[in-house]
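From first to last, the protein sequence lines stand for chains X and A. Heads up: the first sequence begins at 1 in the numbering used here, then just goes up one per residue. Heads up: the second sequence begins at 1 in the numbering used here, then just goes up one per residue.
Calculated from the structure, these hints are not laboratory results. One or more of the hints may lead you astray.
[Unchecked claim] Some chain X residues flagged as far from chain A (calculated, every beta-carbon gap over 12 Å):
id : residue
1  : Thr30
2  : Leu93
3  : Leu194
[Claimed, not checked] Here are the simulated distance ranges between beta carbons:
id : chain 1 : residue 1 : chain 2 : residue 2 : range
4  : A       : Lys124    : X       : Gly134    : 51 to 57 Å
5  : X       : Ile156    : A       : Pro274    : 54 to 60 Å
6  : X       : Cys57     : A       : Asn144    : 18 to 24 Å
7  : A       : Lys124    : X       : Ile156    : 53 to 59 Å
Quick reminder that beta carbons are idealized off the backbone N, C-alpha and C, glycines included.
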Amino acid sequence: MTNKLSEDKLFSHIGANQKDAEQIESVSITYFQDVRRRFLKNKVATVSLIILIILICLSVILPFIIDHKYTTTNLLASNKSPNNEFWFGTDSLGRDLFARIWQGGRVSFAVGFTAAFTSGILGVLMGSIAGFFGGKVDMLIMRIIDVMISIPYLIIVMLIMVVLNSGLTSIIIALTITGWLNMARLVRGQILTLKNEDYVLVAESLGVKPFRIMLRHLIPNTMGVIIVTLTMAIPRAIFSEAFLAFIGLGIAPPQTSWGQLANSGVKVMRLFPYQMWIPSIFISLTMLCLQLVGDGLRDALDPKLRQ
Amino acid sequence: MKKKLIEIKNLNKHFVLDKKNTVFAVRNVSFDIYEGETVGLVGESGCGKTTLGRTVKGIYDTTSGDIIYDGKSIVDATKKEKREYTKKAQMIFQDPYSSLNPRLTVSQIIAEGMNAHKMYSKEKQSEKIEELLEKVGLDKNHANRFPHEFSGGQRQRVGIARALALKPKFIVCDEPTSALDVSIQAQVINLLKELQNEFNLTFLFIAHDLSMVKYISDRVGVMYLGELVELTTSNRIYSSSVHPYTEALMSAIPIPDPEVESSRERIKIEGELPSPINIPSIGCSFYNRCGYATDDCKTKVMKMKEIYPGHFATCDRARKR
């Protein structure tokens, strides 16, 4: 008996189509789309990122719209505890702490981001040059880094601040000069492994110039490490600024920052603890959020975890 | 008489490890490659096939010896001439996974060489890329996809398109199929053959699959420990090889007939491949594993001889009577 199915002609042979075999049905996802998808899956990191964005937006917008200016002193209302008019209370000169917190946030974020980015760029540049060209250049750059790391960074920062006088720019310069070492080391390590990848050899054999190979093949493939190190460098820079302000090396009053606020708060801690606690909470919250975002990014950028 | 495209003369490539140790990867290799032909290169792992291929392509500098392309030496060429040679000679790599940058799209990968040599204007370039994709059997819609979306065979075809983008005359194929499935291997090999006919390409085809080498090559060279020990047409090397090492190598090809396979005599090579570090410069390098060896072989200087028109070998002790 022959097969019933073929008798009924339920099925017919359609043959193979060469073109169909080459078809790719899935939607093309770029690397960063994939990273975003995986980052958003991480609830803690996503919430941290949202809090961070809110904090940044408020620091940018609020100083424009609140009634109290951060410089206005009012000696009749000095050291008031948080109340309806002054949400975070006032300091010993009667300045509104709510206004000063957001103004301080501006400075802290500005210092944090700028210092992290400038030191990041310097680190990537030095690290990739050292890793890619190797030999004597590598040796020279790595020894400079070794020497710089062996000197406590506070000493270097203090020296720079003494020479350049205190102020926003000199803080950023000081933090840049001390901050690029770690990034340079990490990037160099990455470049050293990537340099032996086949596609770099291919690019060389195609006659692509070394500088272009660096920009097109090496640095994009170290992006994961760079971004994670950057997100970790931002809280470090913010904290360094706060610390410098705390020991009196920060920016000059009446300009303020979170570190400065904590510094003046700590002097009256026993009498008016809110003056120390409020800026401290803001510093800690920002630190925590940045660390968690950095952590989430590291997981999201790791190609080994890619699904 | 066919035109010589590439002449390789006494080519040596050594890698210095430290003061005492040097890897003799390629030793005194000389042969010619004629225009439009495919020269297969076989030999066991670590015998210097890939190093030879990369040196001929110009990725490695030579230690000594000369490579002549189209009548001109590329070893002591000017910068401009060398750059021209990087365009004329291309390479297809073994591993289609690591040889494509995961961050670039297919069109960016193919365009890389074109950009480096400033060959086309923008519109012309994307037109050319589509053309190349169709040539290698891919769809032009694939241009904006990333390497990880492709199968191994498709990736290797992207690699082929990238090599073709510079309009080369000579392509070094470094085991282009060894990372692929058997069914896909045939596809890629046939594609290479088609492209060779269409563009009049010359191939140096490195492989360790002997049957495949027979299929694609006009002539086959056998390498052992950095030396070229035998070179002849692909038919002769399978039917009447004369070097003991080649003989043993050929007897390792499985025959798809169980009766013949079980009755035939296998030549086994005893011992291990010696390390290519610090090889003594005199005597036959195959001496310690050769079934035909005599005391003479230990000290005799081995030289390429033409034992039959177009058939070269360093030793003919395995010649069949």
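Each hint, compared with the structure:
Residue-level check failed: X/Thr30 sits 7 Å from the nearest beta carbon of chain A, not beyond 12 Å. The beta carbon of X/Leu93 is kept farther than 12 Å from every beta carbon of chain A, the shortest such distance being approximately 55 Å. The non-interface label for X/Leu194 is inconsistent with chain A: the shortest C-beta to C-beta separation is roughly 10 Å, within 12 Å. Between A/Lys124 and X/Gly134 the CB atoms are about 38 Å apart, so this pair departs from the stated range of 51 to 57 Å.
Range check, X/Ile156 to A/Pro274: about 56 Å between beta-carbon atoms, so the 54 to 60 Å window is met. Between X/Cys57 and A/Asn144 the C-beta distance comes to about 35 Å, which lies outside the given range of 18 to 24 Å. Checked against the given bound of 53 to 59 Å, the beta carbons of A/Lys124 and X/Ile156, roughly 54 Å apart, stay inside it.
Going down the numbered hints, you'll see the structure goes against 1, 3, 4, 6, while the others check out.
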